[in-house]
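Trainee: Order-wise, the sequence lines are chains A and B. The opening position of the first sequence corresponds to residue 1 in this note's numbering, with each subsequent residue numbered one higher. The opening position of the second sequence corresponds to residue 422 in this note's numbering, with each subsequent residue numbered one higher.
There could be a bad hint or two in this list.
To be verified - Straight-line C-alpha distance at most 30 Å; calculated DSBU-like pairs for lysine-lysine: (1) 102(A) x 131(A); (2) 582(B) x 235(A); (3) 174(A) x 582(B); (4) 174(A) x 573(B); (5) 172(A) x 573(B); (6) 634(B) x 172(A); (7) 60(A) x 78(A); (8) 206(A) x 131(A); (9) 235(A) x 281(A); (10) 149(A) x 367(A); (11) 235(A) x 573(B); (12) 320(A) x 131(A); (13) 237(A) x 634(B); (14) 174(A) x 60(A); (15) 235(A) x 149(A); (16) 582(B) x 237(A); (17) 220(A) x 60(A).
Honestly, the hints are just simulated from the structure, not real lab data.
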Amino acid sequence: MTTGLPKGLLTAALLSTTLLGGAAWAQDVTLTIESWRNDDLTIWQDKIIPAFEAQNPGIKVVFAPSAPAEYNAVLNSKLDAGSAGDLITCRPFDASLELYNKGKLADLSGLGAMANFSPVAKSAWQTDDGKATFCVPMASVIHGFIYNKDAFDALGIAVPATEAEFFAALEKIKADGTYIPMAMGTNDQWEAATMGYQNIGPNYWKGEEGRLALIAGTQKLTDPQWVAPFTQLAKWKDYLGDGFEAQTYPDSQNLFTLGRAAIYPAGSWEISGFNTNAAFKMGAFPPPVVNAGDTCYISDHTDIALGLNAASPNAEAGKKFLEWVGSPEFATLYANALPGFFSLNATPVKMEDPLAQEFVSWRDKCKSTIRSTYQILSRGTPNLENETWNASAAVIKGTETPEAAAARLQAGLASWYAPQQ
Amino acid sequence: MGTDVAQRRPIRWHIGVFLAPAVLVYTALMILPLAATLNLSLFNVTEARETVFVGLANFRRLFGDPLWSEAFWNALANNAWFFLIHMIVQNPIGVLLAALLSSPRLRGAAFYRTAIFIPTILSFVIVGFVWKLILSPIWGIAPGMLDAVGLKALFVPWLGKEQYALTALALVSVWQFVGIPMMLIYAALLSIPDEVLEAAEMDGITGASQFWKIKLPLILPSIGIISILTFVGNFNAFDLIYVAQGALAGPDFATDILGTFLYRTFFGFQLQLGDPHMGATIATAMFGVILLGVCIYLFGVQTRLRRYQF
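Let the sequences and hints guide you as you build the complete structure.
Mentor: Next up, the structure:
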């Protein structure tokens, strides 16, 4: 309650300036942004919006987020009622595609800034045929492994680059006994799939090549390149902590930041949290390749974008803002304010955070792909993404063989997806 | 029934007036939603996003399509096990505690009664979270306590193992709800007239045999009611599993009960979009299961229970 009064005053002050501003500039337009990123409210208000408003007098921008879990439902009802904001933060793939198909999101293919993005970056917000793009990509998250540098130094372990080196390092940490080799549990299931399968998998199915072949139906989940990640995961079991079957996601995060585990299979969104909580030096390495010198592939998963409400009366100003969101300037602002959420812009962005720099440097030496189950393949029942969670957890625990898990996923996918039948 | 009412008497308006509030509220809150759910299960959406009447096709899919029927039977079997644990652990312990509490020589009965009943009023969220912490292999006190008595080898990450997770959660639920049968039986025991017990004592029936021969037959109707409440409660259960294991009811659906299966289908989960029609189909099947169970009890068991009037 102590903050109630100043906040009220601030709102009043903001309102009165808006009113005054409105009186002074007759053509002023106000753009409202719908978003689920309420964690980022201050970053938008203090850094991003002022930068845009300074260059574009006459356009005011308001960032109006709702709670992440409610966002999809709230947005849908607002769009149906015609009360949604001008700019819509887009979830990747089907949730946004559904909105575009219903005519709620405008087609942005003609935007000049779209040239700043690679086809992979745009794929999450395109129609299946790739003809229309309806959101400007903002950021992605990259998978890899974060490690305890102090632990690696103390044990004399070099950063592993190949599969063999990776398991040798785990074996060494285990033999020493000071640290749990790897912090991961199977209780919440999604870690096994997201930080396990989708993290190391692209090296085996060759990133986009395999992912697109799966969608086209020319590869199957039972092919060796899709079974191999499961075979690898099955070997992880020996290097996880005691009772990993009941270990949850926050358990794993705490085990690592408390310095009890040496390696953490990660997504780059962990960076800011780990920076705050860990008292030791950290480093990161990309998923190890099979043989030294192989091309490496990373999961650089498109996660967040910005689109235009098709019913917005301020479409011109909205497009102006979206052009700016697609610019290198926005990319630099955003990526530095939120380390771990990487710009999808083709222009390299200079970032301050060393761990974030390490993650993003893999884009130069490795080929990027997105999570294999997200586009198209998780539309039906059974849901491939959810099944992959279950299968990855079962394989790590050793309750299902890699071959059986792959066969089960393939059978589930083939039951509803025509190209796989 | 109609023949009695048909006799010529002034219309008794007051009956309708007094019944109306309850009937209206019950209809609006229970009967209409139930009918709407049954109705929803008879429709589905076509490729062209049109809602069409499909008759029993959803049920054919639920029971005929192996992908659906395996999940359904798994959930039903898990639910049955969940119920069985309650019947063989919760209710006997409840009766035992009530018998101990009603003993006139027990000191501090009010304290025990309250202490045992308190978990019942706790939120599922708290119970699920606290037990998850207690049983956690990393931070939990369970491994430490077992270690202290030299039984560390017995510790297993129970919630993460397919073969133990459901039983562990059922026992957590028993811990939470054992207060309810205890209170109901306790009340039933207190309502047994002293004359009956005194007469028993005159005949030389005391102690344990008094419990088995006099008290237990007198509280059997209460035990019947508790059983049916447990049955309905267990087959509608959802919260504890959802809080402890999430909507995917891991490990590998070992703790998936009808409630979590319904939730996942109806509201969707992660990339899986919600399917209200199949969800309603599962809800209808759950309704059928519970209805069947209640009918078996009402017609098969309750009519045979002997009641004693004092």
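Trainee: Run the distance test for residue 320(A) versus residue 131(A): straight-line Cα separation, threshold 30 Å.
Mentor: 22 Å, holds
Trainee: Is it true that the CA of residue 235(A) sits at most 30 Å from the CA of residue 281(A)?
Mentor: Answer holds: residue 235(A) to residue 281(A) is near 27 Å, not above 30 Å.
Trainee: What's the verdict on residue 220(A) and residue 60(A), does the C-alpha distance respect the 30 Å limit or exceed it?
Mentor: Violated: residue 220(A) and residue 60(A) sit about 50 Å apart, past 30 Å.
Trainee: Given the hinted pair residue 634(B) and residue 172(A), is their Cα-Cα distance within 30 Å?
Mentor: 68 Å, violated
Trainee: Would you check the hint for residue 172(A) and residue 573(B), treating anything up to 30 Å between C-alpha atoms as holding?
Mentor: Status holds; Cα separation ~26 Å.
Trainee: Given the hint that residue 206(A) pairs with residue 131(A), test it: the Cα-Cα distance must not exceed 30 Å.
Mentor: Cα-Cα ~25 Å, so holds.
Trainee: Would you mind confirming whether the straight-line C-alpha gap from residue 174(A) to residue 573(B) stays at or under 30 Å?
Mentor: 21 Å, holds
Trainee: Given the proposed pairing of residue 149(A) with residue 367(A), does the C-alpha separation stay at or below 30 Å?
Mentor: Roughly 26 Å between the alpha carbons, so the hint for residue 149(A) and residue 367(A) holds.
Trainee: Do the alpha carbons of residue 235(A) and residue 573(B) lie within 30 Å of each other, as the hint requires?
Mentor: Roughly 26 Å between the alpha carbons, so the hint for residue 235(A) and residue 573(B) holds.
Trainee: Would the hint linking residue 582(B) and residue 237(A) be met if the CA-CA limit is 30 Å?
Mentor: At roughly 14 Å apart (the allowed maximum being 30 Å), residue 237(A) and residue 582(B) satisfy the hint.
Trainee: Are the Cα positions of residue 102(A) and residue 131(A) separated by 30 Å at most?
Mentor: It holds: about 16 Å lies between the C-alpha atoms, which stays within 30 Å.
Trainee: Holds or violated: residue 60(A) with residue 78(A), Cα cutoff 30 Å?
Mentor: 21 Å, holds
Going down the numbered hints, you'll see the structure goes against 6, 13, 14 and 17, while the others check out.
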